[in-house]
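Based on the hints, put chain C in the right spot on chain F.
Protein sequence lines, in the order shown, are assigned to chains F and C.
Counted from 1, the first sequence has number 331 at position 331 by our numbering; the numbering is strictly sequential.
Numbers given in our numbering equal positions in the second sequence, counted from 1, plus 1000.
Quick caveat, the hints were computed from the structure, so don't treat them as lab data.
Mixed in with the good hints, there may be bad ones.
[As the list claims (entries may be wrong)] Straight-line alpha carbon distances no greater than 20 Å define the calculated SDA-like cross-link-like pairs of lysine to any residue that follow:
id, chain 1, residue 1, chain 2, residue 2
1, C, LYS1156, C, GLN1187
2, F, LYS278, C, LYS1109
3, F, LYS267, C, LYS1109
4, C, LYS1218, F, LYS267
5, C, LYS1218, F, SER320
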Amino acid sequence: MNSVQRFFRRYILSMIGIIFLFLGINIALFFAVMVIGSMSGSGTSLSVRDLSDGVVWQDGAWTADSAALSILRKNDAWAMLLDENGNVVWQQDLPEDLPRSYTSADIASFSRWYLDSYPVKIWAREDGSLMVAGLQPRTLVKFYYSLEWPYIEVMAGGIAAVFLCNLFLIIFLILRNTRKVEKALTPILQGIQDLSRGKPRHLEEQGELAEISRGLNRAADYMSRKDNTRAEWIRGVSHDIRTPLSIVLGYASELEENDVLPQEARKQAGIIRLESEKMKRLIDDLNLTTKLEYALQPVQVKNVDLAETGRLAAGEALNSGLPQQYEIAFSEARPGRSLPFSGDSSLLLRMLDNLIRNSVIHNPQGCRIILSAGEEDGYYLYTVSDDGIGLSPALLAALNQGQDISSTRNCGGKSEHGLGLKLVRQIVRAHQGKIQFSDTVPHGLTVKVFLPIKS
Amino acid sequence: MADYRILLADDDRGLLEMLLSIFRRAGYHDLLTASSGLEALRLWREEQPDLVVLDVMMPGMDGFSVLREIRRASRVPVLMLTARGEAEDRIEGLENGADDYLPKPFLPKELLLRAGAILSRAYPERKEQVALAGSTVDMANAEVWKNGERISLTAKELQLFEKLYENAGRIVTTGALCETICGEFWQGYETTLSTHIRHLREKIEENPSRPVSLVTVKGIGYRLNLKEAAS
Chain F
1 MNSVQRFFRR YILSMIGIIF LFLGINIALF FAVMVIGSMS GSGTSLSVRD
51 LSDGVVWQDG AWTADSAALS ILRKNDAWAM LLDENGNVVW QQDLPEDLPR
101 SYTSADIASF SRWYLDSYPV KIWAREDGSL MVAGLQPRTL VKFYYSLEWP
151 YIEVMAGGIA AVFLCNLFLI IFLILRNTRK VEKALTPILQ GIQDLSRGKP
201 RHLEEQGELA EISRGLNRAA DYMSRKDNTR AEWIRGVSHD IRTPLSIVLG
251 YASELEENDV LPQEARKQAG IIRLESEKMK RLIDDLNLTT KLEYALQPVQ
301 VKNVDLAETG RLAAGEALNS GLPQQYEIAF SEARPGRSLP FSGDSSLLLR
351 MLDNLIRNSV IHNPQGCRII LSAGEEDGYY LYTVSDDGIG LSPALLAALN
401 QGQDISSTRN CGGKSEHGLG LKLVRQIVRA HQGKIQFSDT VPHGLTVKVF
451 LPIKS
Chain C
1001 MADYRILLAD DDRGLLEMLL SIFRRAGYHD LLTASSGLEA LRLWREEQPD
1051 LVVLDVMMPG MDGFSVLREI RRASRVPVLM LTARGEAEDR IEGLENGADD
1101 YLPKPFLPKE LLLRAGAILS RAYPERKEQV ALAGSTVDMA NAEVWKNGER
1151 ISLTAKELQL FEKLYENAGR IVTTGALCET ICGEFWQGYE TTLSTHIRHL
1201 REKIEENPSR PVSLVTVKGI GYRLNLKEAA S
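Bound-form chain F, shown alone (with noise of 0.2 Å):
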């Protein structure tokens, strides 16, 4: 899962994640409501039964007590108590608008609802009167409710079923949002990652993100003609200065090798020619490096039999004729045997030739360089390996850990213009190799070269 889709996911995780908490927060409100709302009340409501219990029959009359007085009044009510055929025959503070006498279904009525705008409660007594206290106007609201069992029944699953139909809806719109903005942001996100590994590629122009789309084409257009231009530039100045250099090793040669010349102007146009040819090397580094680096000349695969190419390149450093302190040996792990491989057979001569070239330049003192092919962990192998006097541990780190080091020369040594390992590198990537270097026991340097067996 690249991170593109990582972000995706987590946003549509933690938009449900929200809903969630949205919904438990909501939860926990409505229950504060509810509490708080009934903290809100007169804190102590009027209790009927209570008021009931305070007015007695005494002493042939009809009296309240001091407790039930005091409840009428602390709640500003007024109480009255019926007999059994509906007359008062106690009352305290009853409004004289109100009837002094009631029918069963006045009774039923108000018991119910309100007495005129009076909201009342009332209590059976046991002695069959029935007390009656009453509220002021707009102090307590009174419903009734009857609602049949099955159409609760159907309420109640009904609103479970608007809940969940709900959650799921906001869910898939959700989903179905997240995916489109996915599906428009995608090559965006790509194209930026693509830019930032120097790979610009083209976008679709369209749909409302087709703006950023089009900045993006543009950065990408940018990029690509900057790199042409060095190319470009590279490859024009490298252009200019091969026909005179063809000149300066031409003559230089001829003056190494003319008998009539002196010692001295002999060995002084060797010198040229020599230090033409690392010129010549330096161009051709250039030019390689640029066009991998810019992906300007793609490998050409072909089948390519390693052992055949480490032989070749042996047999060419050995042409090239260089000086005799150095020995150069091909040795191959299983001999008559081919090792098929697909790759650009020029850039792997090349590789070669660099790593042999890196031996001879770090050892000026001369050393024995051998160059073997075989086959190990799936990989085809190729080793080169001299008794020089090999690498610092911390150089050696660096080259493990991939860093870009142009050269295992020692900096303060004769020139060396130090593309050769880079190129080294970058024709193993192309070739979707790895590389690694090591001591040469007891010294020296030795560079493994692993190429996979099924490119």
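What follows is chain C alone, placed relative to chain F:
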């Protein structure tokens, strides 16, 4: 050295002078120079050279166009020189019928080696006799003279010898020698090659068990040493 007429074409005067100098020192004396594509084409028509050394980038008519014109009427060997040094150039040159391709900058040795190889391939009848430490090889007649005795070379031995002679003094890999005989798919031919080499040695070496002319470079290939080098 057989005297070949060589046409050298390059728009750079300095390089042309140097090419003249290189070929003269190597023993070629019948040399023509052209500093443009059109002039090269005119000289080729009028003088019928044995080899054309052609620069790719020339004003007016470039090297590829000249090559195409030449190839309409002739199979004269052509060696292309280019300052571009790109693989596409190489492919285009070879596709258009160039015999070889040499990117600038080049070493004089490299140029002479390639020119010599092209000439010996193109004009087998003019092949010279090659003097070795213990014998002389007459490539035109496919025979070896050793101690006053004439020994014939088989076709494969001659092919091998020609390849080694084209690269005299340089190592030729086992694969390259096998390819000379079998073509692209040479794998598995190495054992037969060593038999051919043994037979060739028996014919050209004074002491085949201690070869001095056709030497083995262990693990890599073989090298042919000419008389002055072998001694």
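Of the hints given before, which are not true for this structure? 4
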